[in-house]
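2 protein chains.
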Amino acid sequence: MQTDSLNSFDLDAYLSEQSTVIDHALETCLEHYPSDSTTIFRALRYGVFPGGKRIRPILALAAGELFGAAPVRILPFACALEMIHAYSLIHDDLPALDDDDLRRNAPTAHKVFGEGMALLAGDGLLTEAFHILSNPELTRCVPAATVLRVIHELTRAVGVLGLVGGQAMDLEAENQAVDLATVEFIHVRKTGALLLASLRIGAQIAGASAEELVRISRYGEYLGLAFQIADDILDFQGEDAAGASSESGHNEKRKATYPSIVGIVQARERLTELLQLCLQELAPFGARAAPLQAIARHVVTRAIRSNSEKSPKESNAQ
Amino acid sequence: MQTDSLNSFDLDAYLSEQSTVIDHALETCLEHYPSDSTTIFRALRYGVFPGGKRIRPILALAAGELFGAAPVRILPFACALEMIHAYSLIHDDLPALDDDDLRRNAPTAHKVFGEGMALLAGDGLLTEAFHILSNPELTRCVPAATVLRVIHELTRAVGVLGLVGGQAMDLEAENQAVDLATVEFIHVRKTGALLLASLRIGAQIAGASAEELVRISRYGEYLGLAFQIADDILDFQGEDAAGASSESGHNEKRKATYPSIVGIVQARERLTELLQLCLQELAPFGARAAPLQAIARHVVTRAIRSNSEKSPKESNAQ
Numbered sequence: 324m325q326t327d328s329l330n331s332f333d334l335d336a337y338l339s340e341q342s343t344v345i346d347h348a349l350e351t352c353l354e355h356y357p358s359d360s361t362t363i364f365r366a367l368r369y370g371v372f373p374g375g376k377r378i379r380p381i382l383a384l385a386a387g388e389l390f391g392a393a394p395v396r397i398l399p400f401a402c403a404l405e406m407i408h409a410y411s412l413i414h415d416d417l418p419a420l421d422d423d424d425l426r427r428n429a430p431t432a433h434k435v436f437g438e439g440m441a442l443l444a445g446d447g448l449l450t451e452a453f454h455i456l457s458n459p460e461l462t463r464c465v466p467a468a469t470v471l472r473v474i475h476e477l478t479r480a481v482g483v484l485g486l487v488g489g490q491a492m493d494l495e496a497e498n499q500a501v502d503l504a505t506v507e508f509i510h511v512r513k514t515g516a517l518l519l520a521s522l523r524i525g526a527q528i529a530g531a532s533a534e535e536l537v538r539i540s541r542y543g544e545y546l547g548l549a550f551q552i553a554d555d556i557l558d559f560q561g562e563d564a565a566g567a568s569s570e571s572g573h574n575e576k577r578k579a580t581y582p583s584i585v586g587i588v589q590a591r592e593r594l595t596e597l598l599q600l601c602l603q604e605l606a607p608f609g610a611r612a613a614p615l616q617a618i619a620r621h622v623v624t625r626a627i628r629s630n631s632e633k634s635p636k637e638s639n640a641q
Numbered sequence: 324m325q326t327d328s329l330n331s332f333d334l335d336a337y338l339s340e341q342s343t344v345i346d347h348a349l350e351t352c353l354e355h356y357p358s359d360s361t362t363i364f365r366a367l368r369y370g371v372f373p374g375g376k377r378i379r380p381i382l383a384l385a386a387g388e389l390f391g392a393a394p395v396r397i398l399p400f401a402c403a404l405e406m407i408h409a410y411s412l413i414h415d416d417l418p419a420l421d422d423d424d425l426r427r428n429a430p431t432a433h434k435v436f437g438e439g440m441a442l443l444a445g446d447g448l449l450t451e452a453f454h455i456l457s458n459p460e461l462t463r464c465v466p467a468a469t470v471l472r473v474i475h476e477l478t479r480a481v482g483v484l485g486l487v488g489g490q491a492m493d494l495e496a497e498n499q500a501v502d503l504a505t506v507e508f509i510h511v512r513k514t515g516a517l518l519l520a521s522l523r524i525g526a527q528i529a530g531a532s533a534e535e536l537v538r539i540s541r542y543g544e545y546l547g548l549a550f551q552i553a554d555d556i557l558d559f560q561g562e563d564a565a566g567a568s569s570e571s572g573h574n575e576k577r578k579a580t581y582p583s584i585v586g587i588v589q590a591r592e593r594l595t596e597l598l599q600l601c602l603q604e605l606a607p608f609g610a611r612a613a614p615l616q617a618i619a620r621h622v623v624t625r626a627i628r629s630n631s632e633k634s635p636k637e638s639n640a641q
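Taken in order, these protein sequences are the chains called A and B. Each number in my numbering comes from the position in the first sequence (counting from 1) with 323 added on. Each number in my numbering comes from the position in the second sequence (counting from 1) with 323 added on.
Some hints could be false.
Ranges between beta-carbon positions, derived for each pair [claimed, not checked]:
no.: 1; chain 1: A; residue 1: Ala429; chain 2: B; residue 2: Cys464; range: 25 to 33 Å
no.: 2; chain 1: B; residue 1: His355; chain 2: A; residue 2: Ala533; range: 18 to 26 Å
no.: 3; chain 1: A; residue 1: His347; chain 2: B; residue 2: Glu460; range: 46 to 54 Å
no.: 4; chain 1: A; residue 1: Ala504; chain 2: B; residue 2: Cys464; range: 37 to 45 Å
no.: 5; chain 1: A; residue 1: Tyr337; chain 2: B; residue 2: Thr351; range: 40 to 48 Å
A few chain B residues facing chain A, derived, Cβ under 10 Å [unchecked claim]:
no.: 6; residue: His347
no.: 7; residue: Phe364
no.: 8; residue: His414
no.: 9; residue: Ala419
no.: 10; residue: Leu425
no.: 11; residue: His475
no.: 12; residue: Gly482
no.: 13; residue: Leu484
no.: 14; residue: Gly485
no.: 15; residue: Leu494
Partial selection, computed: residues in chain B whose CB lies under 8 Å from chain A [unchecked claim]:
no.: 16; residue: Val435
no.: 17; residue: Val470
no.: 18; residue: Val487
no.: 19; residue: Ala529
Calculated from the structure, these hints are not laboratory results. For glycine and all other residues, C-beta sits at the position ideal for the given N, C-alpha and C.
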């Protein structure tokens, strides 16, 4: 593995700094709503704060930075990405889908506010994300045509050909025997599409060339798949792929996962391979790509290192 | 009432023609999705077809026409408005909110596809609406900055300060004693905001002047309130304000309505007053405004004429 240039990069400090910047920007985006006056505003904020690792907005900022964009240009887009992620989690946790009681060690939104209010909070977050993207005061540094292109790409990533489609297929695959191709298909849409869009949006706002965009897109595709495979592996021990413990409460429904089909050993081999592919795409950018290199390495190595002494549970999960 | 100039306008023929145009445009918008291959695409289409009176896209076309825009410029926006309306109905019908089994004499989406798939179909419709609005091929006749302004206005109308906020307040007001101001507050957000946005979007794409936009906005505010009051009145007999029977299945939850607070007689007086205000705003546009005049008259007179022999039921509904 290409470890040399990366050992000097302090990923924990980077993630912590970027999270602080993003949290502050999210506060600014949401501050014109009267947070304490009505339940819907409290439910909306509950979905966004304290939040998880903020990996999607961090990827957007990192891709923007790689191609020379100041964070201030990327931040409104980064906030919208996080709000869309938050909406997808609230809806995914609802009894009609995953029926999870806990998320990030706290009760899920519908446990706190009721199902109806949680449903509406998710709807509100999705809608407000596009309200932010179309706010001329927030995105004035970016040409209107570029903003529209970003919205078009983002809506494809999270629509019926992306995240929503992946969730629908995931729902239909529950308790069914599915093959590896179907699991990858679900992963690519449900998780990969928004991660990929986050990177591409950062890169496009920064004015990346067509060739650079192809590279960052391939990196994003490999990372997205690695992210979900790692998540599946870490699910055995209640950790998520970005390193937060108990990102999702464990639901009772039987879902097809990568390791349940190919086994833990082969899943880890696939992860190692995906990391190499990620690093290969970033190689031409040299040290400037250190954050994106470190993120890929972090996602993958946690799942490879962790739990390596435990016996594989894939036979139980089959 | 100013009836003279309106008797010559054939509203039924107009609504029927416009509906056909809109249905065709919706088909075109949705045709790139493989309709029969997966459940989510079928659920999405189920929310859109056969549809109701298409009142929101018709208002957008009529406002555009009033200020000289060819329908082809307005249609992508009209389709997005209808898809957002369809999403709001699917989610509103879910057990977590109104828990309705029937809509337009057919089983609601969750009765056909299950709650999870209906939830996702609503999410998909909302997302695809913005995908259409940001499609450069569909909206190439309109400057990018104008499209962004439309998206910003639309997301305000259907976000937490609009439709979603109105639904949330409606949910909280269930089985509670609420005053007239609260009922109007809910109506303005839950129903009025999207009707108003439909008109304003049509007018803005057509290049209406600031003064014209103010007039059409006031018309929209009066119409939106009239629409909901008429709907409340017609709810006694299973008809909706646009004239379709059984637009919504009757839910069992007790909701505050305009006639339940002020009584049927006073609600009808308020409707008559709102019609006068609508016509007053349209007066300067003369015969060109015939469709919008006829729509306001249609919404109001149905509720005033209908059921006039029946004894008021407001004491039961209190």
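(Q) When the structure is checked against the list of hints, which entries are broken? Sort them ascending. (A) Of the numbered hints given earlier, those the structure breaks are 1, 3, 6, 10, 16, 19, listed in rising order.
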